[in-house]
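Q: The primary structure of each chain is shown beneath.
Number of protein chains: 2
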Amino acid sequence: MKKLDMMYEGKAKKVYRTDDPERLIVEYKDDATAFNGEKRGTISGKGVVNNRMSNHFMRLLEEAGIPTHYVQELSDRETLVKAVSIFPLEVIVRNIAAGSFSKRYGVKEGTVFKKPTLEFCYKNDALGDPLINESHIYAMELAVPSELALIREYAYKINSFLKATLQQCGITLVDFKLEFGKTADGTVVLADEISPDTCRFWDAKTGEKLDKDRFRQDLGNVEGAYQEMARRLFG
Amino acid sequence: MKKLDMMYEGKAKKVYRTDDPERLIVEYKDDATAFNGEKRGTISGKGVVNNRMSNHFMRLLEEAGIPTHYVQELSDRETLVKAVSIFPLEVIVRNIAAGSFSKRYGVKEGTVFKKPTLEFCYKNDALGDPLINESHIYAMELAVPSELALIREYAYKINSFLKATLQQCGITLVDFKLEFGKTADGTVVLADEISPDTCRFWDAKTGEKLDKDRFRQDLGNVEGAYQEMARRLFG
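Chains as they are written, first to last, in the working numbering: chain Y, 1200 to 1434; chain B, 1200 to 1434.
In short, the hints are calculated from the structure, not lab data.
For identical chains, the list gives no copy identity; a pair is met inside one copy or between any two copies.
Below, computed lysine-lysine pairings styled on DSSO-like, alpha-carbon distance capped at 30 Å:
#: 1; residue 1: LYS1302; residue 2: LYS1381
#: 2; residue 1: LYS1376; residue 2: LYS1356
#: 3; residue 1: LYS1228; residue 2: LYS1376
#: 4; residue 1: LYS1362; residue 2: LYS1314
#: 5; residue 1: LYS1302; residue 2: LYS1356
#: 6; residue 1: LYS1362; residue 2: LYS1228
#: 7; residue 1: LYS1381; residue 2: LYS1307
#: 8; residue 1: LYS1404; residue 2: LYS1376
#: 9; residue 1: LYS1307; residue 2: LYS1376
#: 10; residue 1: LYS1408; residue 2: LYS1376
#: 11; residue 1: LYS1376; residue 2: LYS1322
#: 12; residue 1: LYS1381; residue 2: LYS1314
#: 13; residue 1: LYS1302; residue 2: LYS1210
Work the whole structure out from these sequences, hints included.
A: Here it is as structure tokens:
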């Protein structure tokens, strides 16, 4: 597999073409952004943690029956993935109120929901990734009902699986953001990443934040939080 | 039925208690507000048009099998209604992109949807009535699934009914906002009003706006639009 030209550079990752049109190489950066790109910084070692953690979860999820874009870890920052066309949707599952949910609805951070919530945001930086509902998604033709049904089913399953897995490491899964894509043959697969950039992880005993909120909220010891999450998962 | 003290004064209506705890009197004002109360004004004769039009539609909807809060028109501005506890939700049905939808998702005003969309907003002035989805509504315990299922069913039926009725008067129903409540015995009923304050009405031939957008967007002839809508419906 040959790494060719860069196809796309995102906020936290670069994506390269390969000599196989159905495979891409993702390279994780240490760059961090927040608040729709208004806040920028670097979190040393983040790319290595996120690459390893995301691949770990993707492998476990594949075993649990969730199709993902993961193919093979190539180096400490690089991973081979399936080429997919991404649905322009952020899929957010919440177990506990925090972040934009708390702000939007005036619900105290830390409020535990009886059942997890699931929401979609329209991936569009210029519009600020606005919340969107299923009827809007169909009206705007961003996905069809059968695709959205699969995405919902996978998202709830991923929540149950990750919640249980993280609980064993003393971590509470507060919420997380997923992205899904379609491979050349139309299969809906989990794409993007699962990491402290895209999840809220709280220490189950102390409530300490071990995710990108340390960067967003200037809580200090940002690098330490990413390393602590790696230590909890990989010892 | 005796009109007692004022219970509540809203942006466009006053609500009075009566000597029957299960009945209230609504009085329509000429006051108009927009953009979450930032813009204020008076639309002369609006209260009379909205009272008559809303009662007309509520009577027709009752006949079509939709339970409403309507009991009896008392005067040109006053109506007797059932006392209900209002769900803190704005229920918005859209046939054509306009207003907040166009702004939020970058969709050109006038784009016709293949199927109508339905959305909920959390009625909370301090938070700016944010968009909310069903899983959030359950997490925040604003309604239960059986209530929301009825509200959805009624909202789509009301759209079909109003769209057809208005088409006969040369009016295109672009979108509208409903509110629902629960009577003392737990029945879900349509409440609030159906008027140019809560709907977007466009002349089917010219596309001329015949609703509160004339006030919101300073298009002039605001009073004339309300009178024209009354003329189309009542001759």
